[in-house]
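There are 2 protein chains.
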Amino acid sequence: MGLVVQKYGGSSVADAEGIKRVARRIVDTKKAGHEVVVVVSAMGDTTDELIDLAEQVSPFPAGRELDMLLTSGERISMALLAMAIKSLGHEAQSFTGSQAGVITDSVHNKARIIDVTPGRIRTALDQGNIAIVAGFQGVSLDSKDITTLGRGGSDTTAVALAAALHAEVCEIYTDVDGVFTADPRVVKKAQKIDEIGYEDMLELASSGSKVLLARCVEYARRYNMPIHVRSSFSGHVGTWVRNKPEGGEMEHAIISGVAHDTSEAKVTVVGVPDKPGEAARIFRAIADAEVNIDMVVQNVSAAATGLTDISFTAPKADGRKAIEALERAQGGIGFESLRYDDQIGKISLVGAGMRSNPGVTATFFEALSEAGVNIELISTSEIRISVVTRADDVNEAVRAVHTAFGLDSATDEAVVYGGTGR
Amino acid sequence: MGLVVQKYGGSSVADAEGIKRVARRIVDTKKAGHEVVVVVSAMGDTTDELIDLAEQVSPFPAGRELDMLLTSGERISMALLAMAIKSLGHEAQSFTGSQAGVITDSVHNKARIIDVTPGRIRTALDQGNIAIVAGFQGVSLDSKDITTLGRGGSDTTAVALAAALHAEVCEIYTDVDGVFTADPRVVKKAQKIDEIGYEDMLELASSGSKVLLARCVEYARRYNMPIHVRSSFSGHVGTWVRNKPEGGEMEHAIISGVAHDTSEAKVTVVGVPDKPGEAARIFRAIADAEVNIDMVVQNVSAAATGLTDISFTAPKADGRKAIEALERAQGGIGFESLRYDDQIGKISLVGAGMRSNPGVTATFFEALSEAGVNIELISTSEIRISVVTRADDVNEAVRAVHTAFGLDSATDEAVVYGGTGR
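Chains E and Z are the protein sequences, given in the same order.
Taking UniProt numbering, the leading residue of the first sequence gets 1, the next gets one more, and so forth.
Taking UniProt numbering, the leading residue of the second sequence gets 1, the next gets one more, and so forth.
Keep in mind the hints are simulated off the structure, nothing from the lab.
In this text the structure is predicted, and so the values were computed from the model without any measurement.
Mixed in with the good hints, there may be bad ones.
Repeated chains share a single entry, so a pair holds when one copy, or any two copies, can fit it.
[What the hints assert, rightly or not] For lysine to aspartate or glutamate, the following DMTMM-like pairs were computed, each having C-alpha atoms within a straight-line distance of at most 25 Å: (1) 144 x 105; (2) 20 x 52; (3) 110 x 318; (4) 110 x 396; (5) 20 x 115; (6) 188 x 309; (7) 144 x 115; (8) 144 x 91; (9) 210 x 126; (10) 189 x 288; (11) 20 x 48; (12) 20 x 324; (13) 210 x 195; (14) 30 x 55; (15) 110 x 274; (16) 144 x 126; (17) 210 x 52; (18) 210 x 48; (19) 20 x 55; (20) 20 x 49; (21) 189 x 396; (22) 210 x 194; (23) 275 x 48; (24) 110 x 294; (25) 110 x 55.
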């Protein structure tokens, strides 16, 4: 039996009862003969409460100190979890990110892992211990300061440790049964996906599926580390994310699922002179403002005017920054005006072999048309088609596409528990 | 202007307002031209809440994990304090005990400091920063595990850092104006002591004064580090604890104050054979049970029986352990019976030159006699007389002794704010 890395999110360890339930599950895995490394997030709303305290003492909390503050959350949950395991008669030791050898760059609040040196974890395992590791945190190579990894940090910690320790699998425990063909809160007939490749999972994650973040899937793909996404509330098998075996179906489109996202806004730059370098100036201004953009669409220019429109989507939270950056740059770029629209939604269909199957695109647009959904932007990749619609149309659009591709289950089987982690 | 180490207890940083008030005081010290190192405890009741959580998940929380858990408390307060200072426009960096170089032995929950290597603190100061250090915690030399220092740990951290950094003074901020000639809650006319020597302060601390713990005073005496105990709520000068200058008064008794303690119980071992080795066997049994004893008194043996009684006091919390240990050892020791009494109190008079001034002892006993207080045990040292009385008589006894030695102020000036720290 090999080494298993398990990651439990904040909703799984929200209170003493949750911690004891998780402890029993960990002990069961150990009893089955595995070496076990556990990555844990902060309890329930701890992180939000700490951020609230920070804002009470300082309008702009310093990044280094915010990281010092927030990492106390995992310190609490991991120590409690180790105690709970020990009270079940098994040996456990907790380790901070720094102690576990999670080495990062120095970008506070969203550091990136640059190395993992889990010597102390290996020693603890060799001594028969279960190792509990704080998710979401590390120590910077240069300054030896405590860092946090930002959104999805705990999942990434788990995958990174699994890779460094050559684990058999990285199990990500959450409050749903796995990855679904669509959000079960929107599509009652959504089905749990039993197995999905890294690329499809990446596209789903980038398109709004909240279960795994793209960053963690990227890491797993690079190290070819299988991820098993499953519920900490049930014993069900969840979703395996791994390299799918080559097989006879490779020439057919295999639809993985439908994702949607209503967290973005659309910015349209109107009346851009259609000449080289204009788009570059626009997106340099956006990048300098540190706004992450998602879809980018440029319309065909009207021959008569020599002017074109460029639209892009970005997180609503960054909307104001994007508009301000473009307004400052308007003189240098020379566009006519800006339009901002945060009442949009994005629907994405993800699946392998899509581009070589023209029927997929046709079916997708037919389904939207029959549902009376108007399309505002279209963007495609090798394994994904995304469209932007009115926010109000998103749920209807997701259901229509889900049905059109035969993804509906025979029954309304989806079970959702709610809650969020980090 | 030299380096100042300031320590703030949990009641001083109980909420966001408290943290901001403390931040302003720290910035004022920095503005006055000092280098400033701040040691901070966990906010308000954080430690108790964490212990409560630990007990919910495990009946006997493991020491290593309890230390990991509890140290999150200081992590929160120190990060918030650094943020608050930065929002006042000054540079501050927070450091864990480990980062600050507080090296301890491996005894979890009550580790002792064995070295302080504050290289990172020195660097932070050289860069013009205010350094904020987590009190109460360190890292073990052998296992590199996180440790906590137990009761009085934050004060000891402050004095140890002050010594290692060759600070001018270690300021201990608390919720009272300083060290008083008696507990102001008991004696309305108690006066703040302006200056007191290490030895007298040690005796006061060992005799029940809660403001400073003996452990921290011991450390300060060893390194000759002046301590200034003062209020974080007022700007008043507090009590200086330092080597008093030699002077003309050395041949007179100088009474420092009256301390009392109702946290102990009295154990009497009745009918002990009066021969060599009996006391040693009794106190070996007690020591093996890890009970700390305070006063020890052996009565003169009755010649007719050859038997004597030995009484000692110990913390009430350890009373059951002491009794059980003695019962187990009864066969080997051969005493007749045990008496246990937890309705006692101890009153101590502390001052230099006491032994060579017989009048002091006489005045002390006369005051108790006039107040109608019966004395059950007596114990003296070079600079202290302690008596055990009924618990109900303690307050009256303290007031009587305080008055008899002319310690009463002209007015009821004592101001008490309440609250506890660690």
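Hint check, failures only: When the structure is compared with the hints, numbers 4, 5, 6, 9, 10, 12, 15, 23 turn out to be violated.
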